[in-house]
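Novice: These protein sequences, in sequence, are chains A and B. Position 249 (the first sequence) corresponds to 249 in the numbering used here; numbering is contiguous. So the mapping is simple: the numbering used here equals the position in the second sequence, first residue as 1, plus 1000.
Hints in this document: simulated from the structure, not taken from any laboratory. Mixed in with the good hints, there may be bad ones.
With a Cα cut of at most 20 Å, we get these calculated PhoX-like pairs of lysine-lysine [as the list claims (entries may be wrong)]:
#, chain 1, residue 1, chain 2, residue 2
1, B, K1213, B, K1043
2, B, K1043, A, K51
3, A, K193, A, K95
4, A, K335, A, K303
5, A, K95, B, K1213
6, B, K1205, B, K1043
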Amino acid sequence: MPEDRYYDGRTATAHRAIIRLAGSDVVIGTADTPELARWPIDDMRVIDANKVTGGINFGRVSDPAPRLVLLDSPQRQALLAKHPHLGQWQRRAIKRGWSVGAVWTLAGLVIATGTYFGWRDGSAALARIVPKAWEQRLGAHIYKAITGNLTICEGDGGKAALRTLVDRLTPPELQKNAAEKQDGITIDVIDLKLPNALAMPGDHVLVTSGLIELATSPDMLAGVIAHEIAHLDLRHPTQSAISNLGISATVSIILGGSSAGDVATLLTIMSYSRKMEAEADLRGLDLLKSAGLRADGMAQFFKVMEEKMKSDGDSLLPDWLASHPGLDERADYTKADTAGATAMTDAEWQTVKNICQTR
Amino acid sequence: MSDIGMHPGAGGTSAGAPRTQFVPHTQFVYDGRLGELYWIFIKNILLMIPTLTIWRFWGKTRMRRYLWSHTSLAGDRFEYTGTGGELFIGFLIVMVIYVAASIGIQILAIFVEPDSPILIALQFGLLFVLLYLTFVAQYAAQRYRLTRTLWRGISGGMTGSAWRWGIKGMFFSFLSLLSLTLAWPWAQMRLIDDRLNNSYFGDAKASIQTSSKSLYLPYILGMLAVVVTVGMVGYLIYMMWELTRLVQQHMPLGINQFIGSNWFPTAADRNPNETIVGGVAFAVVMLIIGYLIVATFAILVFAAYYVAMAHEVTNKLALGGLRFATPLTPGAFMSRYLGNVLIIVFTLGLGLPIAVHRTMLFLARNIEIIGEIDGSEITRADLPRPKFGEGLLEAFDPGIL
């Protein structure tokens, strides 16, 4: 049978407690010793209750060790009734639980939105102050890693034609950078069927032969290259390197590295990437226009891509989960008129089309 | 007399019973209820979502508080005095340092060649530090839990340095690697001895001097079983691979194409996204199955080893005038661990409270305390109390409790 207990906090002795109320104190004694201790009731707190025995565990505010365990008795009822700070312990415990929960829920919301917008806009600001030299070193590693196992197409005429196109599209502020290093924005065509293009830190652009094959006019290719140069102009590669690092660090600090954290990181990065793609589309249009080139190739190319996707089988992932905005949406907002010059002569365009044939 | 001396068995007799030659055996009593544990668990899960899982520290504390307060010894209940805030801050300190270090290395990677020896040394160093910290974490967590456990108004404590014990742990791991893990039973017992010999309840120090002699037979048998099984599985895979190659070589081209294009569409025929989603799902299922097979195998093969270890530790441990024993058998060990693995995997983690409940009953059943539990000789010791909770353990070795 459970009994009332008093532990004095000095030795591990279990005293069979007998209590009585004396004014503002609880006097704790045993059958042999009428008074072992005297606890001021104001200094008492309820630690918890046991549903199995019905006992309430009392402690002191001023000393963490001693304990008084009281089963239900008239004395305990009198104590709890007279002193609301003890009697209402359960209500206070529940309130405390709710407030910790509410505070952290609120903190969770603040942290989530702060992290999302902080890294999205913060990384853009940070990217602008990252020295170009850092970017070039990082870019050199990435360039080596990506092109290491791929063939770079070396058709001379095609390379010259692309060089001219890139130079026309490069905005003045990037040209100033280009003057400092020898080669400015570099462009390479890699022999790969998958249609794709890529802008890397350190001002490198990669286009696959599959993409050139898919483009039916030089203006379409110019649209793609303008989009990639726009990424470089807006310093997106560096921005996404910073935000990826920042997001994964923040998420792992909060979640401690779990698969839920990986999913959260991926979704955030995808969303950032969609925003940057849309920015690069619009900036790319501006670059085409200020170079005096036709800007309608970009939207046309999105349509060509969309048709190819449809004939290959529809995408399973909804747009909000993808790294790029939907192709029909992009074709829509990049719509432009036919004003401006064609990006290349027919002869130049032929050499670009054949860039991977001549070695 | 109104002080309670000892209680033979769980129920307890009248205090001040005449002392006889009879040495009482006492066991822990766990009287928690599964339903109540589940209610705490469900509330914790619900709060994890809006708090971005930060609630887990408070959740864990609530769980522990329930488990401790429903465990009693000689009629007196335990109390867990730790707080969620302590666990959270401990975790935060460790994670901030760790993340800063790994970001530092990533930034450094920009400036040196990818195969630069400095970078490789640093990355290797971080891994080494991580392994070291898992050792430090075990010691520090034991200290935290001991100092946050109160029984009869007296708390536990621990002396010694977690950092030093971590170095020892690393050194012993290295040694046992050199010995093809043959030194592992010996090393493991030395490490356990160190931790226990530094553990206190009040001013009563635990003392132990184990020997690894009784562990070697079950360990070597277990290792032999592992080697034989791995060899057999490897041989089977090799045979199947050879067979496939032979069949492919001798199969008419027509059938091969037929199978290739119609029955088993190749990756190129399918939508790339579908392939990715399917691939991830496949990988997850294979991972779970792989984990189940390895866990089951390890539990079956090493049950006798762990039981021998439990017997060795309980037989040699002394705390004040108390001695210990365990009736643990390999069968009971297997049923507890296998059962828990299966419960957690097949309920996708939602069966955790069942596993915890089973573990508490298992511990209560399998620890026997021999001798009179006379608390009056044990006094408060005021050993150093760490300010923050098991940060290292939270970060690098997440256990279920």
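Novice: Compare the structure with each hint and give your call.
Specialist: Consistency of the hints with the structure:
A distance of roughly 47 Å separates the Cα atoms of K1213 of chain B and K1043 of chain B; the hinted pair therefore is violated under the 20 Å criterion. Annotation: proposed proximity of K1043 of chain B to K51 of chain A holds, straight-line Cα distance about 18 Å (limit 20 Å). Restraint check for K193 of chain A and K95 of chain A: not satisfied, since their Cα atoms lie roughly 63 Å apart, outside the 20 Å limit. Restraint check: the Cα-Cα separation between K335 of chain A and K303 of chain A comes to about 11 Å, which is no more than 20 Å; the hinted pair holds.
Simply put, K95 of chain A and K1213 of chain B have alpha-carbon atoms about 55 Å apart, too far for the 20 Å limit, and the pair is violated. The hinted pair formed by K1205 of chain B and K1043 of chain B fails the criterion: a straight-line CA distance of about 39 Å is larger than 20 Å.
Going down the numbered hints, you'll see the structure goes against 1, 3, 5 and 6, while the others check out.
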